[in-house]
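Please construct the entire structure, taking both the sequences and the accompanying hints into account.
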Amino acid sequence: SQKIEQNSEALNIQEGKTATLTCNYTNYSPAYLQWYRQDPGRGPVFLLLIRENEKEKRKERLKVTFDTTLKQSLFHITASQPADSATYLCALDNQGGKLIFGQGTELSVKP
Amino acid sequence: DGGITQSPKYLFRKEGQNVTLSCEQNLNHDAMYWYRQDPGQGLRLIYYSQIVNDFQKGDIAEGYSVSREKKESFPLTVTSAQKNPTAFYLCASDGGGGGQPQHFGDGTRLSIL
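Protein chains in written order, with this note's numbering: chain F, 1 to 111; chain A, 112 to 224.
Hints were generated in silico from the structure; no laboratory data involved.
Note that this is a predicted model, so its numbers are computed, not measured.
Do not take every clue at face value.
In silico DSSO-like pairs for lysine-lysine, Cα to Cα no more than 30 Å straight-line [what the hints assert, rightly or not]:
#1 Lys125/A x Lys194/A
#2 Lys181/A x Lys98/F
#3 Lys194/A x Lys3/F
#4 Lys71/F x Lys57/F
#5 Lys120/A x Lys98/F
#6 Lys98/F x Lys57/F
#7 Lys194/A x Lys98/F
#8 Lys63/F x Lys98/F
#9 Lys120/A x Lys181/A
#10 Lys168/A x Lys181/A
#11 Lys110/F x Lys59/F
#12 Lys3/F x Lys63/F
#13 Lys3/F x Lys168/A
#14 Lys182/A x Lys98/F
#15 Lys125/A x Lys110/F
#16 Lys182/A x Lys120/A
#17 Lys55/F x Lys3/F
#18 Lys17/F x Lys59/F
#19 Lys181/A x Lys125/A
#20 Lys194/A x Lys120/A
#21 Lys71/F x Lys168/A
#22 Lys57/F x Lys110/F
#23 Lys71/F x Lys55/F
#24 Lys59/F x Lys98/F
This is how it looks when you write it as structure tokens:
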């Protein structure tokens, strides 16, 4: 069956360190993969999109990798700040417009 | 500023009652989506619409209904047939066709009285 999994446990890191979040999937062949940030009681906010033929994408302190052989995406936040604390969601896009979301990983950055 | 507006922010439903959640966008997007989010879970797709006057069922459509009479509006009705309606409901839109970021509203939290 099709499955998408993110780290189920919350990730706690110290300010200034790099946070790395994982998104694994099985039985999909997504054309794109997207990452979103969600704060409590708010809707998700789009962060980055990476295509299946791209290995890596960067935006300011954010970096996403996409390995279609391993069926895995890694999301990195460098020089993390307490303001980065939120839940991060990955989503697979099969080109039909419908997204399939993981359950999210809660990140907590301590000062 | 363009965006998506969901209302109300909080909604309470009595047993046997239908309730309607509003979603309006001024982004000129063709596609709109309704998701349900339960604690500790990802977003699950209820219904989506890629063009006016057309919509398709998502993964958990039972007990819900939608309409898409205008490009800007995609209301969701939670019917009395939905036996476990307590959840956070999110509306989103994008330009359609895949490979597009989705823009989300700030959700409606529905509870049962």
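Results of checking the hints against the structure:
1. Lys125/A x Lys194/A: Answer holds: Lys125/A to Lys194/A is near 12 Å, not above 30 Å.
2. Lys181/A x Lys98/F: Cα-Cα ~20 Å, so holds.
3. Lys194/A x Lys3/F: 26 Å, holds
4. Lys71/F x Lys57/F: 16 Å, holds
5. Lys120/A x Lys98/F: The hint holds at about 25 Å.
6. Lys98/F x Lys57/F: 22 Å, holds
7. Lys194/A x Lys98/F: Distance of about 25 Å is within 30 Å: holds.
8. Lys63/F x Lys98/F: 24 Å, holds
9. Lys120/A x Lys181/A: 22 Å, holds
10. Lys168/A x Lys181/A: Status holds; Cα separation ~18 Å.
11. Lys110/F x Lys59/F: Holds - the C-alpha atoms of Lys59/F and Lys110/F are around 23 Å apart, at most 30 Å.
12. Lys3/F x Lys63/F: 23 Å, holds
13. Lys3/F x Lys168/A: Status holds; Cα separation ~20 Å.
14. Lys182/A x Lys98/F: 18 Å, holds
15. Lys125/A x Lys110/F: 42 Å, violated
16. Lys182/A x Lys120/A: 22 Å, holds
17. Lys55/F x Lys3/F: Given pair Lys55/F, Lys3/F holds - Cα atoms ~22 Å apart, limit 30 Å.
18. Lys17/F x Lys59/F: Roughly 17 Å between the alpha carbons, so the hint for Lys17/F and Lys59/F holds.
19. Lys181/A x Lys125/A: This hinted pair holds, its Cα atoms lying about 29 Å apart.
20. Lys194/A x Lys120/A: Holds: Lys194/A and Lys120/A sit about 21 Å apart, inside 30 Å.
21. Lys71/F x Lys168/A: Holds, at roughly 27 Å.
22. Lys57/F x Lys110/F: Holds, because 26 Å separates the two Cα atoms, which is no more than 30 Å.
23. Lys71/F x Lys55/F: OK: Lys71/F and Lys55/F at ~12 Å, within 30 Å.
24. Lys59/F x Lys98/F: Given pair Lys59/F, Lys98/F holds - Cα atoms ~24 Å apart, limit 30 Å.
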